[in-house]
Amino acid sequence: MENEILLLKTLLLSTSQRNIYKYCRDKKKRSKIVGNMVGTAVLYLLLMGYCVLTCVGYGLIGIIRTVPVMCALTISVLAFMFTFIKTNGYLFNFKEYDMLMALPFESKSVAGSRFLYMYIKSLPWYLSIAVAMLIGYGIYASPAWFVYPLWLILSLLLPLIPMLGAAFLGFLIARISSGFRKTNIIQTVLTITLAILAFFLRFIISALFQNNQVEYTLETISGMMDSAAAKYPPAGWFADAVTKHSLSSALLLAGVSVLLFTVVFRIVGRSYRTINSALRSRAASRNYRMSSLKKHSVLNAIAFKEFKRMTGSPVYMTNGGLGMILAALLGVITLILGFDRITAIVTSGAMTDSSILQPAIPFIIHLFIGMEATTACSPSLEGKNYWIVQSLPIDRKTLYRGKMLFNMYLAVPFMLFATLCMCVSAKVPVLNTVLYLILGCALCAFSTAWGCVCGVKHMRLDWENEIEVVKQGTAVTVYLLPNMFAVMILVFLMVILGLRMSHQLLALIMILAASVLAALSYLKVMALARRDV
Amino acid sequence: MSEQAMLDIRNYSKTYGEGKKAADNVSLSVMGGDIYGFIGHNGAGKSTTIRAVVGVLDFTEGEIYIDGHSVKDDPLACKRITAYIPDNPDLYENLTGIQYLNFIADVFGISAQEREERIRKYAETFEITDALGDLIGSYSHGMKQKVAIISALIHNPRLLVLDEPFVGLDPKAAFTLKEIMHEMCAKGAAVFFSTHVLDVAEKLCNKVAIIKQGRILFSGTMEEFTEGHSLEEAFLEADNGE
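Protein chains in written order, with the numbering used here: chain A, 2 to 534; chain B, 23 to 264.
Bear in mind the hints are in silico, worked out from the structure with no lab data behind them.
Heads up, none of these hints are tricks.
Calculated cross-link-like contacts (lysine to aspartate or glutamate; reagent style EDC-like; alpha-carbon spacing at most 16 angstroms):
| hint | chain 1 | residue 1 | chain 2 | residue 2 |
| --- | --- | --- | --- | --- |
| 1 | B | LYS42 | A | ASP27 |
| 2 | A | LYS296 | B | GLU139 |
| 3 | A | LYS30 | A | ASP463 |
| 4 | B | LYS194 | B | GLU146 |
| 5 | B | LYS234 | B | ASP46 |
| 6 | A | LYS385 | B | ASP109 |
| 7 | B | LYS225 | B | GLU201 |
| 8 | A | LYS295 | B | GLU136 |
Bear in mind the structure is a predicted one, so any value in this text is a computation, not a measurement.
Construct the complete structure from the given sequences, taking the supplied hints into account.
Here it is in structure tokens:
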């Protein structure tokens, strides 16, 4: 364990913004770090505020006793999802692998330290949820004094089991893909497939329950929580520890977490070197023969470079492509099952007239498509390669235009396909369909340009692991969260406004608004590019 | 009327955050036809100067002109006639060699026929043709260096700037590169490169600049600097004398 701790300490130090702040004399860089810290603190506060308000709501309707299970489940689901997406870049195929493995460390120590690093980096998010829910629970349930420290201590353990599960799945994917020549593609396909399964899991379970006539039990949130706690024991152990003051449950949670960590990393350690060797080696055929070459415009050349950058990285491909694939899948499923049925499943039968959702179709699709704009992370992803574009006769405007063009090439076809599928399934009139398709394109243009504003403004080239940029970068966070919340609000707004005004007029107004926002964001990118060459 | 310098560095200084001057009032001129060696210890300021010349590093003090164009005011015009090869070329690892070269050719707007001819010529010269279809990530350091060199030559630059170009190259490739440098200079282009290998610099360069702790100790012809001694002796004497 000493080695794990040593490696972990070094890793944390090497990526610590505080450390950079402490030793960096560049005032601009220091103020940027402070700005990032303030921004992150605001996000933590927003998340905590949301959690406290949820608990207050639960308290007011008299179901505060479900909060411990809800806390455990929320943390567990988030921990599982985020770890699953990040495992590939953190545990395997990372930049300093050669350097670390050349040192006298066991494979399991290296893998274990990487996992612990992932755990510590995401812990503040999970603790924010735990603390906020504890506040809400404390107000309405008035628990004994020792519940407070116990809740906090057990909250530290809560993410471990789902994270270990996700890491082990990531390990299995890496193990399987390492046996293929096209490891990147296999790894990305497997990761996206499992992520999609996880995404649709809620609906699959819901459908299964409905078939088994147990819907009645799930009608109340309280019943749902009890059922979930029974199906996911760690949530039940946590709830028992804090509500029934069960020491054995607390010890069970701690014991299983530690045991699982030991077992998982013993298994991972055994084939760690083999997997990494396979993932890091690139096949070379050495049989190229010169043939005729095609000339492209500079913009298309940059867009092609971006495409190859994306397909060369499973982490980038998974994050950049997941939303597109989910949108396309949603379109296909809607086409097969019917818009009405999908609406009934998603809203648990609460919405009887699905036609009122029609004006929101482009926004529903954009919720997925706009999940991550490649433009938000691609400026930072230049990393050490930045010298190439810097030393070439391309101004930054052209470079960013090329990056935006690539995101449009990627997003627009998926947007059009999914929107069209939904419109056909929902029997949207032809003119409205055309307007929704145009609106979809305008939304893509906006998310592309807005993503680029965030990407350029928060560009960070000195990263060690591309996960730091693709998943945890300030640019991505600043792009993702406001975009996601704004689109969610717009979905509701469209439904409400659609009840009162013509859908065509509403679509036209939204096209205009999205186009103006896209144009403003584009101009902002150009202004940012003008600052330097 | 005096001849236009291909590279003209005038009173260039670069100060980093903590007030340390990595380059201090550096001035030198590289004329068309020159093979100009830039020599100094590790951390003397060679790469800092080179990176400013090619427009990778910002600077506030002094001026740098390439064929009369200011690097500060008209960087694109400078970059169109310059090629740069860094000491450790980090290339796009997810592109194949040919895709990377094609990308560079697209940026410089080279016609399909011309790029094909040039890539074919240089790839054969550096014996790398059969590897061009493989991902750059699978290349050795030397192969990456060769691709970087080909990409630098693809648009017939008038100024070739290289940072430690011979590190990692096999003897034949190093010889080929020297030949190419001579060919370029015979056509009126200029070569400006940093090196630690004094033997190479002595045989290859007609002009040399010595930099120490960010300041130029000497700049001029090789003969003026060596005065009948070897470059190594002259360099050590200049270094100790400072």
